[in-house]
Structure formats: C-alpha cells, structure tokens
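Trainee: Residue numbers (the working numbering), protein chains in the order written: chain U, 1 to 420; chain S, 1 to 340; chain H, 1 to 197.
A portion of the hints provided could be inaccurate.
What the hints assert, rightly or not - Only some residues are given here: those of chain U computed to face chain H with a beta carbon under 10 Å: (1) F52; (2) H171; (3) R175; (4) I178; (5) V217; (6) F219; (7) L220; (8) S268; (9) T272; (10) I273; (11) D275.
Stated by the list, open to error - Here are the simulated DSS-like pairs of lysine-lysine, each with C-alpha atoms no more than 27 Å apart in a straight line: (12) K126/S to K43/U; (13) K129/H to K43/U; (14) K3/U to K99/H; (15) K126/S to K202/S; (16) K167/H to K363/U.
Since the hints were made in silico from the structure, they are not lab data. Glycine is no exception: its CB is placed at the ideal position from the N, C-alpha and C atoms.
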Amino acid sequence: MLKQIEGSHAMAEAIALCRPEVICAYPITPQTHIVEGVGELVKSGALQNCEFINVESEFAALSVAIGASAAGARVYTATASQGLLFMAEAVYNAAGLGLPIVMTLGNRAIGAPINIWNDHSDAMSMRDAGWIQLFAENNQEAVDLHIIAFRLAEELSMPAMVCVDGFILTHAFERVDIPDQAQVDSFLPPYDPVQVLDPENPASIGAMVGPEAFTEVRFLAHYKQRQALRLIPEFCEDFAKTFGRAAGGLLRPYRTDDAETIVVAMGSVVGTIKDVIDEMRDAGEKIGAVALVSYRPFPVEALRDILKHAKHVVVVEKCISVGVGGPLADNTDGALRNLRDRPKLHSAIAGLGGRPITRESLKKLFHDAVHAPWIGPFFLDLNERVVGREIHRGRKVRRAGSTAENILKQLALASHLPPG
Amino acid sequence: MTDSTHAQNPAPSLKYYQKGTFTVGNRLVADAERAVQSSPERSNALTSGHRACQGCGEALGARYAIDAAMRATGNDMIAVNATGCLEVFTTPYPETSWQLPWLHSLFGNAAAVATGVAAAMRVKGKKTRVIAQGGDGGTTDIGFQCLSGMFERNDDVLYICYDNEGYMNTGVQRSSATPPAARTATTPALGPEPGNVFGTGKFVPKIAVAHNIPYVATATVADLHDLERKVIKAMGIHGARYIQINVPCPLGWGAPSSDTIKLARLAVECGLYPIFEAEHGRITAARKIRRRIPVRDYLILQKRYAHLFRNGEDDPRVARLQAICDAHIADYGLLGDDEA
Amino acid sequence: MFQSRIHGRGGQGVVTGAEMLSVAGFMEGRHAQAFPSFGSERTGAPVVAFCRIDDKEIRLREPIQDPDCVILQDPTLLRLSDVTSGLRPDGYLIVNTTKTFDDLHLRALVDKLPPGHAVIVPATELALKHVRRAAPNAALLGAFAALTGLVHFDSVLRAIHQAFPGKVGDANGAAAREAYDLVRTQENASHERAALA
Chain U
1 MLKQIEGSHA MAEAIALCRP EVICAYPITP QTHIVEGVGE LVKSGALQNC
51 EFINVESEFA ALSVAIGASA AGARVYTATA SQGLLFMAEA VYNAAGLGLP
101 IVMTLGNRAI GAPINIWNDH SDAMSMRDAG WIQLFAENNQ EAVDLHIIAF
151 RLAEELSMPA MVCVDGFILT HAFERVDIPD QAQVDSFLPP YDPVQVLDPE
201 NPASIGAMVG PEAFTEVRFL AHYKQRQALR LIPEFCEDFA KTFGRAAGGL
251 LRPYRTDDAE TIVVAMGSVV GTIKDVIDEM RDAGEKIGAV ALVSYRPFPV
301 EALRDILKHA KHVVVVEKCI SVGVGGPLAD NTDGALRNLR DRPKLHSAIA
351 GLGGRPITRE SLKKLFHDAV HAPWIGPFFL DLNERVVGRE IHRGRKVRRA
401 GSTAENILKQ LALASHLPPG
Chain S
1 MTDSTHAQNP APSLKYYQKG TFTVGNRLVA DAERAVQSSP ERSNALTSGH
51 RACQGCGEAL GARYAIDAAM RATGNDMIAV NATGCLEVFT TPYPETSWQL
101 PWLHSLFGNA AAVATGVAAA MRVKGKKTRV IAQGGDGGTT DIGFQCLSGM
151 FERNDDVLYI CYDNEGYMNT GVQRSSATPP AARTATTPAL GPEPGNVFGT
201 GKFVPKIAVA HNIPYVATAT VADLHDLERK VIKAMGIHGA RYIQINVPCP
251 LGWGAPSSDT IKLARLAVEC GLYPIFEAEH GRITAARKIR RRIPVRDYLI
301 LQKRYAHLFR NGEDDPRVAR LQAICDAHIA DYGLLGDDEA
Chain H
1 MFQSRIHGRG GQGVVTGAEM LSVAGFMEGR HAQAFPSFGS ERTGAPVVAF
51 CRIDDKEIRL REPIQDPDCV ILQDPTLLRL SDVTSGLRPD GYLIVNTTKT
101 FDDLHLRALV DKLPPGHAVI VPATELALKH VRRAAPNAAL LGAFAALTGL
151 VHFDSVLRAI HQAFPGKVGD ANGAAAREAY DLVRTQENAS HERAALA
C-alpha cells in the first residue's frame, strides 16, 4: 500500500511484517523512531508473538539478541554511531557465532567531536566484523532491504546490517509502498535455525577454538559471504516477482553503458548523483554511476565488469579512514587491481558529519576528476581557510587548544555572530 | 539489615563439634539430610574430565549448583556462561563437560544473553528455565551493567556468580571482589601498602538486594547442602535471582589444593564471607557461625596474605580486616547461640 | 519540481508543517519529500524544514538552497539568519505576522518578487483562536494553498486531518481555512489593484 510516511515508520512497519520474535532496543539518534515504531506495534498488539525488551546499553541490546537468536528466535535490533561502537564486541561475536540477527544502522558520524548527523563512519568501523552490510538509496529500498536481509541472514546463518542514512532517510517523509503480510509471508519462510539451544538435544555453543581450527572457521565465514554474492541477486529476483518491484541487488548501474566516467557511491547520496548525471548527460558528457548496495560481501567481479571499460572512476564516500583515505575507494581499487588497462581512480570524501552534498559541488568534482585530477583523497567542500589557520596556529603555539573548539570559534568570528 | 534475632538459620539444627578438619562427613547426618553427592544415582551436569585445576572451588560449586538446578527443572534448562575459567576448562572443544544446552558469548554479557534466551523461551511458549553464570570479574566488574539491567527488568534468569575473588583465568589479577590487602598480579606485595587497597568494597549480593529482586543468596562450597537448597529454592521462583558462591582458588589464593573446603569454611567462620538469603529486598536468613575464629587464622593459610605476617609480627592491616569481619557479624547477625 | 522551505522555532510545528505539505502533494498523486534540518534542537531554537513536490520521483537529497517558496513561521528569525536566502526571483513568500512587510524591513525583497507572490498572515492569532495553541503551521499551509495553488486546499485539509485526527484536526482545519480565505481575498484585491494600475 502506497503511503506518504516517515522512513523510520515505514521500516518499522516492514520489520513488523517480518514477524520478529524478540526485539531489543536502546535509544540513540537517529535510529530511535524505528524502534519506537516497532515498540508501538508490539504494545498495541498489532505485532503478536514478539517480546520487546528495553535494555540498558547497545552492548546489552545485541547481547540479548545473541541469546534470543541462539535460542531459535527471529531477532531484530537497531543502532547507530557510538551505539555500534559500544556493541562492537558483540557485533563480532554475533557474526562469529553465526547468528542471523538483523540490525538497522541509522548511519551517523562517530565522535569526538560528538556529531549526530549522517555519514558512514559507523558502518565502516564494523566492515570486517563478518556481517552482511546492505546500503539503502531511499526509503523504499530501506523497507525492501529489511525483508531481504531477514531471508538472506537466515539462509546463511549470518547476521545482516541494513545501513540507512541517518536523518536524510530515517527522518524523511516520502512515498513508500508498504507490502502486505501475505506478500512478506510468501517471500520469507519461518526461521529454521541451523543451530539452537535445545534441552532435548543439548549442545555447547561458543567454545574456545585454537590455532588448529581458527583459520578454517574464518575461511568458512568468508566462504559464506561469498555465497551471499550469489544469493543476493537470486533473492532480489524472487523479491521482484513477489512484490512487483526491483529492490536491492549487489549493485545497480545507472547510465553506465557508454560511460567514460563512472561514479561509485553508496546510500542516499546516489539519488543526488543521479540527478547530476542526468544534467551532465544532457550537456553531452559520457558519465554514469554505480550504486553499491552490498558493501559486505563486496561484489568485486560485478563491480569490475561495470568499471573496466571506463576511463575514470570517481568514488564518493562518507567516511575517512584516517591516515589512509576512503575505504570504499580502497575496495574499489582492489576490484580493479588486476586489470591490464585500468581506469584512473579518483577518491572523494564527502558529507562527513552531515555536511550537505550538493549537486553543484558534485558536478565540479566529476568535472575536475577528468580535467584537473588530484592525488589522494579529496575532501569535498573543505573550508581550506579554516583548516589552514588551524594548522598555522598549531605550529605557532604549543598549547593551541582543542581543534574542534578552535574551528567553531573561527567560524563564529567569520559570521560575526556570537560563539555558541 | 534485618534484626539478627529475627534471622532464621536455614541449616538443620545439627551441632558440628568435630574439631580440627572443619569438615563434616555425610555419615554424621541423618539420611534425609545427607547431600545428594553421597548418592551414586545423582545427576551430573558437569561431567568429569574437564580441565580445572586440582581443588578448584569453582568446578565444585558449578557442578553442585547446575546439578541442583537440573534436578529442579527436570533437565529443562539452558545455561549461559561468561568468559572465564569455568568457560575455558569445561569446553576444550571438541570435548565439552556440559550435559545441558550451553552458550558462551562474551566476558561481560552473560546476564543479557540469558535475558535473550529467556525471552525466546517465553515467546515460543516453552517452560525451559535459564541460568547465567560467571566468575566475579565477569559479574561484579565487566558484566555488572548487564547484570543490573537483568535485575531491574526482573527477567526470568538465575545468575550464579562463582566468586574466587580475582581474575584467575588471566593469571590472578585484582577484581572488585578481591579482598583488601590480598596480593594479586596487579596488586603486588610491594611498597608501604602491599597488596590490594582498602577501598569501600563492592559486595554485589547487597547490590542485588537493593534491586528488590525476588531472591538473593550467598553460598559456599564448604556447605554444598546449603548451596543445593538455595539453588533449588531459586529455581522454584520466577524473575531475576542471584546466588554468589564463595569458591576458593588454590592457584590464586596460594593454598594447597587440599585446603579448598577448609578455606571456604574458615571464610565463613571468621565472618569475612557472610552467608545469607534475601527476598524482595529484605534479608530473610543468615547462616550462623558455628565456631568463630579470628580472621588471622584464615589469612595465614594463604600466600596472597603472606606479606601481612612477615618479620614475626602481624601487619596492622590484619586488625582492619578483623574489623570488617566484626562488622559483618554484627550487620548480618552471624553469631549463633553457641558463639553469641 | 516545487521546493518549499519553512523557517520557525522548535515547538511551532515546523517539521510537521513540511510533512503535512508533503502528504497533501502525495494525496494528489504526486511525489513529495519532506525532511527537517536535522539537529538536536530544543523548544524555541531555530528550525528549518523542507518540502519538495514533483510529478516524478524525487532523488535529490541536498537541502533546499533555491526555494520556490519560503514560509516564515516566526519573523524574529529575520534578525538571526538570512531566512530568504536563495529565494527564486519568481518565488513566493509567506510570513506569519501581524506587522507589515515595511515593519519587518522586507519591502525591498517583496518588491523584487512578482506582484501577489508575498503575503502576510496572522497565523499565530488564527491558531490561538481556533486551536488554542500557538502552532501556526496548519494556517500557513492554508495560506500556501491559496497563494501558490500548487496543492488544492482540500488536499491540505485532508493532510491536516491525517496528522491530527479528531477535534484537533477540525480546529487546525478551521485555522487553515480562515488563512486560505484571507489570502484569497488579499490576492483578489491585489489582482484588482494590478488591473487598475
């Protein structure tokens, strides 16, 4: 049913349709509206056979999820930013134990400085944990990916994270087609665990594994994610048949057929990028884009097949791996690694801590990639004046103070407004 | 604290006057009062062949606690285990000593994982009961937040803490349950104040009582009969429950393996480890001291306190530890008719 | 694509206003996107919300920098920031006030807009009268429908009732209707003036 609805509430409705049995919640902006939404559905009785547990931390949230999942329940939780870091140990543990928990990540920056706005630093911090990571471009896809994530996670017995841009999607009111229960039921079979805590058939789960077997266990985790590369397109095709619309996939090319420049990006910024590409195409430029849906597993072959004929690849990502550059650019580079005549790769870091990514800046970026290329990661819309002053101050004065506060002071002075 | 004159002694009104060993054999008590361990027919949740040290108090405590719980639940039970000695020595995979479904996730989350298991059982309409267990580090330190959350929500979980007063699994470091003055690898017997600090203490059973949960008890491997009784009682109650068992660690405490039971008994008899029960926030019973001893007699047997007895005279901090014992005795009403 | 930007303060229903506007667009079978200027704003702090309406899918996620319409829920914000920044030359301006454009020093800006593209509405007074709460958002949407004609007033009314079921919806609807009528009257007068001139 078509609804004009807030992204978070649309996701809450979709998650409820997946019939989760245990939901754990701990509040953190911007994920809160989702768990509030499912909590309301549980309290009102709209979602039956579901335990909603308010816990004392994100670490506990995922730990409760681990216990419930190991005991055979379909489990859902959500977090963001600092919350993901606070549960980090359990994030790895859930993957290591092979428990098919589905978690929404309302993507948000990581402090310090504390920042509640969107970027992908949180998701990237857990990219090696062994979770499937899917990124939504809009709220329709956010809804659809949750339904697909449950099926994928349970099929592989592996946790899945649906990454949804905080505020930009979670708090946006837009048109979403909410499926009905019969559709979801026909797509998502009841959870049939591969391992379960059962007094009738007692087993010990979570034993110590030494050097004699640890490599094999890790290999199999990697192997399972590689299986997901096959299953994701398969399930998405099945999804399209059931729901009458395409969703997810490993990645989605946009006007790449004859493109000499291809932009690679994830999440909601892809929408803005598509508008820019249309504009540049109208001006005769051969440019296209790839929306990466599945970041883990990383679709190396599929991405290479699209990028290999391009001359330039511009990676736009909302994360900086400090000291190296953009992790998505690195992974994209890896996909192009063994090509004989490979495209030039241009890495751009954009939208950190919620800085708007505008069409104007993107257009200039794509133009510069071809005509005035840079070396290393390029920080889109960086206020170079402020940065320069701060570097200068650090050189001049030993006790230069806190960088974050210094920069805020500079900006306040520049705007002639009182600080704060 | 309840008035000691109202505290009931749950133990049978037997007099134990056997001197010297501080142990009492089953042969001295009536058949009905004998501990289940005397029966060859008894269940065994934790099978032999595990890798615990000789004289491990935790292995003993866990075996009797889980056995009692299995009997109480007709084996319809799941255990969640925090990281620690118990977890490591019971599951040297591919072998496992557990005869019940058992899950180990992390060091600090056993209480929360158990909450999740209990929620799954509830939503699936199963009557399966859930126990979480861990050492003092996994309970009073790193697992404390999850534990408090489980208590406060009154989740249907029995949490058992095997308190050996330190991080023994990682090589005997100090925990918040390590007694003052005790030497550990991180509180060495060096400097003007050797051993652990005299802090304010963190006795989690009292914190559990402050959560007003249905049942809290302390127990000791020196009295397995009492331990079993408490576990069975706990399994007859729904909601959050907490039992903390004093389990001597020969390695960490620096004592012969053969002295585990003796040390556990002396810890009770000197008043350092009060054994009590509480229901819904009120202390309902305290185990009376049978034959009071000075704390010195308990300390001097353990190498972790050896620095208190150097140079032929007692360190003044022995008196401070005695004062802690005296306060426990007064607060919990630990003196029975014979000692009062 | 028609882009609107609403400026107000926390507690004035700025975000709800943008959402209701998007629902009104949706009810007419169009694509609409509403989103707030995300932040941890407390009651009274400046808040901005955005709404795009188009006949095709809206993919753009940048904040609205060149609005077709600015709705100013609280004119005291004029002293704090450039709330009309980027307003298109053929754009619309709706200001919640009992003062005049001259009082607010907006005359120069208003004169640059096409005649009849700027209105003042005593939306807070209308809200107090009908809803008994100083939430001018519904009334301003009524004014928006009258001024821009982008959405029908009926759609606005339905969106208001969806957001506020029952009596509160009726009250907000009444405020919106009075604002709608007020602006229609002003517009007619202005057209007559233009015709005479």
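Trainee: Confirm or reject each hint.
Mentor: Hint check:
1. F52: 25 Å, violated
2. H171: Where the cut-off is 10 Å and the nearest Cβ of chain H is about 6 Å from H171/U, the hint holds.
3. R175: This hint holds: R175/U lies near chain H, its Cβ roughly 6 Å from the closest one there, short of 10 Å.
4. I178: Constraint on I178/U not satisfied, violated at 13 Å.
5. V217: For V217/U, the interface hint is violated, since the closest Cβ of chain H sits about 41 Å away, which is over 10 Å.
6. F219: Violated - the Cβ of F219/U stays beyond 10 Å from chain H, reaching only about 39 Å at its closest.
7. L220: Constraint on L220/U not satisfied, violated at 39 Å.
8. S268: Since chain H brings a Cβ to about 5 Å from S268/U, closer than 10 Å, the hint holds.
9. T272: 5 Å, holds
10. I273: 9 Å, holds
11. D275: This interface hint holds because 5 Å falls under the 10 Å limit.
12. K126/S to K43/U: 21 Å, holds
13. K129/H to K43/U: 36 Å, violated
14. K3/U to K99/H: 39 Å, violated
15. K126/S to K202/S: 36 Å, violated
16. K167/H to K363/U: Measuring from Cα to Cα gives roughly 49 Å; hence the hint is violated.
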